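Same order as they appear, the protein sequences are chains X and C. No gaps in the numbering here: position 101 of the first sequence is 101 in my numbering, and each next residue is one more. No gaps in the numbering here: position 274 of the second sequence is 274 in my numbering, and each next residue is one more.
Each hint should be verified, as a subset may be incorrect.
To be verified - If you want the ones that stay clear, here's a sample from chain X, every Cβ over 12 Å from chain C, calculated:
no., residue
1, 3
2, 82
3, 137
4, 139
5, 154
6, 156
Stated by the list, open to error - Below 27 Å or equal to it, Euclidean Cα-Cα: the simulated DSSO-like pairs (lysine-lysine) are:
no., chain 1, residue 1, chain 2, residue 2
7, C, 29, X, 2
8, C, 156, C, 181
9, C, 156, C, 134
10, C, 145, C, 55
11, X, 2, C, 134
12, C, 156, C, 55
13, C, 29, C, 134
14, X, 95, X, 120
15, C, 134, C, 145
16, X, 56, C, 29
17, C, 145, C, 156
18, C, 55, X, 56
Worth flagging that the hints you see were computed from the coordinates, not collected in a lab. Fair warning: this is a prediction, and the values are worked out from it, not measured in the lab. Glycine included, each C-beta is placed from N, C-alpha and C at the ideal position.
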Amino acid sequence: MKTIIQMTVNGELVESAVEPNRTLLQFLREDLDLTGTKHGCGLGDCGACTVILDGKPVNSCLVLAVQAHGREVLTIEGLAENGNLHPIQQAFVDKGAIQCGFCTPGMILSAKALLDENPKPSELEIRTAISGNLCRCTGYQKIVEAVQEAATVIDGTEVSS
Amino acid sequence: MRLPAFDYELPGNLDEALELLNTYGPNGKILAGGTDLLVRMKQGLALPTHLISLKALPELATIRESEVGLRIGAAVRLRDILTYPTLEDRVPGFFEAVSSIGAPSIQHFSGTIGGNLCQDNRCQFYNQSSFFRKARQPCNKAGGKTCYAWEGGSDKCYSVCQSDAAPVLMAMEAEVVVRSKQGERTMPLAELYSSVGERPLTLADDEMLTEIRVPNPGPGTGTAFEKLTYRSAIDYAVLSAGALVQTEGERITRARLVIGAVSRAPLGIPTAQNILQGRPPGDEEALDEAARAAANAAEAFIANNMAQPAEYRKQMVSVMAKRALSRALSRTGMTEAT
Ligand SMILES: Cc1cc2nc3c(=O)[nH]c(=O)nc-3n(C[C@H](O)[C@H](O)[C@H](O)COP(=O)(O)OP(=O)(O)OC[C@H]3O[C@@H](n4cnc5c(N)ncnc54)[C@H](O)[C@@H]3O)c2cc1C
Ligand code: FES
Ligand code: FES
Numbered sequence: 001m002k003t004i005i006q007m008t009v010n011g012e013l014v015e016s017a018v019e020p021n022r023t024l025l026q027f028l029r030e031d032l033d034l035t036g037t038k039h040g041c042g043l044g045d046c047g048a049c050t051v052i053l054d055g056k057p058v059n060s061c062l063v064l065a066v067q068a069h070g071r072e073v074l075t076i077e078g079l080a081e082n083g084n085l086h087p088i089q090q091a092f093v094d095k096g097a098i099q100c101g102f103c104t105p106g107m108i109l110s111a112k113a114l115l116d117e118n119p120k121p122s123e124l125e126i127r128t129a130i131s132g133n134l135c136r137c138t139g140y141q142k143i144v145e146a147v148q149e150a151a152t153v154i155d156g157t158e159v160s161s
Numbered sequence: 001m002r003l004p005a006f007d008y009e010l011p012g013n014l015d016e017a018l019e020l021l022n023t024y025g026p027n028g029k030i031l032a033g034g035t036d037l038l039v040r041m042k043q044g045l046a047l048p049t050h051l052i053s054l055k056a057l058p059e060l061a062t063i064r065e066s067e068v069g070l071r072i073g074a075a076v077r078l079r080d081i082l083t084y085p086t087l088e089d090r091v092p093g094f095f096e097a098v099s100s101i102g103a104p105s106i107q108h109f110s111g112t113i114g115g116n117l118c119q120d121n122r123c124q125f126y127n128q129s130s131f132f133r134k135a136r137q138p139c140n141k142a143g144g145k146t147c148y149a150w151e152g153g154s155d156k157c158y159s160v161c162q163s164d165a166a167p168v169l170m171a172m173e174a175e176v177v178v179r180s181k182q183g184e185r186t187m188p189l190a191e192l193y194s195s196v197g198e199r200p201l202t203l204a205d206d207e208m209l210t211e212i213r214v215p216n217p218g219p220g221t222g223t224a225f226e227k228l229t230y231r232s233a234i235d236y237a238v239l240s241a242g243a244l245v246q247t248e249g250e251r252i253t254r255a256r257l258v259i260g261a262v263s264r265a266p267l268g269i270p271t272a273q274n275i276l277q278g279r280p281p282g283d284e285e286a287l288d289e290a291a292r293a294a295a296n297a298a299e300a301f302i303a304n305n306m307a308q309p310a311e312y313r314k315q316m317v318s319v320m321a322k323r324a325l326s327r328a329l330s331r332t333g334m335t336e337a338t
């Protein structure tokens with residue numbers, strides 16, 4: 001039986017009727033056409049489906065859409081503002097942290113959740129924060145450098161403004 | 001991978017949840033963080049008709065203090081345990097165990113302690129897609145009549161309890177509170193596990209875990225957890241060991257050792273107590289003896305149920321056991337000093 005759910009996705013209130021067996025990942029990709037969130041393993045192993053739910057990164061493939069009722073979801077589509085990439089996105093581009101790009105949305109959201117809580121993370125803290133996100137291309141080094149770069153940029157803008 | 005169909009129930013208080021469990025019996029399953037259950041449902045290993053969500057039960061999601069220790073609600077998230085003030089200093093072994101579960105960045109925000117202790121046993125021949133499993137007859141755990149993890153087959157299921165929180169909590173003699181519509185019972189955590197691979201918990205269909213009671217270790221007592229994995233995150237344990245050691249003066253007075261990820265239930269090694277009691281803390285030979293006792297006890301259970309070779313796991317039991325005991329021992333001074 002379908003249930004009516006409401007949630008805020010990237011700052012916008014959405015309402016929809018969903019079956020209970022619909023995952024948040026399916027809801028975002030198939031119902032809302034937000035295909036930036038990737039479907040990798042579907043089993044919690046790869047992190048490609050990472051979104052930020054009430055400020056915390058979760059595997060959207062293992063969250064029911066009905067469980068996200070009343071909550072706030074941030075996906076990769078919600079990061080850029082007025083056509084400008086978020087500093088983490090920009091750093092990923094600048095540092096060559098993107099190859100095929102499949103892990104990138106999840107990586108960036110895990111990095112964002114980290115930097116929101118801990119603006120000056122150590123390398124180990126960065127590696128721990130992205131430890132649930134697998135990348136088959138980059139070997140992680142450039143991703144770590146991109147997150148370090150983004151931390152510096154975000155810190156700099158906050159001081160000057 | 002899509003989830004099979006089910007009805008979603010969102011009880012607003014514990015009594016309602018217990019009523020629903022009572023109504024649906026074996027067809028109802030509790031949904032806590034879902035990081036174990038939803039995976040199994042996607043693989044067709046669990047097909048409940050009703051999922052009973054714990055999301056709206058804040059009473060299960062709090063940590064309270066009692067005179068004897070911590071009372072942790074079953075639906076407390078792993079992350080909230082790790083960030084609970086002073087927990088790391090008070091019970092470092094428990095902290096280490098929870099830290100090691102899955103990927104800290106992700107599973108810790110969804111996964112709960114109750115879900116961790118109640119997760120189903122695992123085996124490399126069972127926890128697979130239905131496509132993979134279709135290539136052979138079903139095994140014992142899947143309703144069939146053999147075990148692929150045991151050479152030549154077996155009428156017993158050689159699946160493994162993979163809870164990382166359980167071994168050290170058992171070593172600490174933690175208790176669990178179980179509720180049903182009929183009432184409440186409190187029992188040692190060890191009694192939550194049945195040692196039957198097909199049905200690893202002793203809970204009845206209408207029962208649920210509501211609280212985990214973690215006793216304060218007391219003066220002169222140290223705890224530790226050791227986990228063997230290939231990667232430092234995401235992986236389930238290849239083997240693990242939880243330990244509690246207490247010293248008084250220059251003697252060991254209490255030693256509890258529990259080996260994880262070897263058997264259908266966390267494997268307590270009661271002989272560790274006999275071996276270590278009365279020995280001085282610096283007695284390496286005593287630790288080796290206890291570690292060997294663990295390896296002997298574990299050997300009979302280690303099957304081909306993981307990707308890692310059974311022979312390697314057999315060799316590593318004593319290593320993990322000794323590491324856990326040594327570290328617990330090195331911490332016995334910490335509680336007195338504070
Ligand atoms: C990629 C990945 C890696 C993982 N790695 C590890 C690991 O290293 N170590 C480890 O221990 N686990 C691991 N897990 C398993 C799981 O994430 C954790 O054990 C987690 O703590 C389970 O909690 P949950 O709330 O998500 O459980 P759920 O999936 O919600 O529940 C698990 C089971 O327990 C039952 N249950 C839940 N709460 C109760 C209750 N209060 N009373 C009775 N029954 C209940 C459910 O019905 C279900 O059968 C991993 C999972 C994934 C996806
Ligand atoms: S798709 Fe969700 S973790 Fe891989
Ligand atoms: S860039 Fe290809 S998976 Fe990470």
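Evaluation of the provided hints:
no. : hint           : verdict
1   : 3              : violated (7 Å)
2   : 82             : holds (29 Å)
3   : 137            : holds (17 Å)
4   : 139            : holds (14 Å)
5   : 154            : holds (19 Å)
6   : 156            : holds (25 Å)
7   : 29/C to 2/X    : holds (19 Å)
8   : 156/C to 181/C : violated (32 Å)
9   : 156/C to 134/C : holds (20 Å)
10  : 145/C to 55/C  : violated (38 Å)
11  : 2/X to 134/C   : violated (32 Å)
12  : 156/C to 55/C  : violated (36 Å)
13  : 29/C to 134/C  : holds (25 Å)
14  : 95/X to 120/X  : holds (18 Å)
15  : 134/C to 145/C : holds (15 Å)
16  : 56/X to 29/C   : holds (25 Å)
17  : 145/C to 156/C : holds (9 Å)
18  : 55/C to 56/X   : holds (16 Å)
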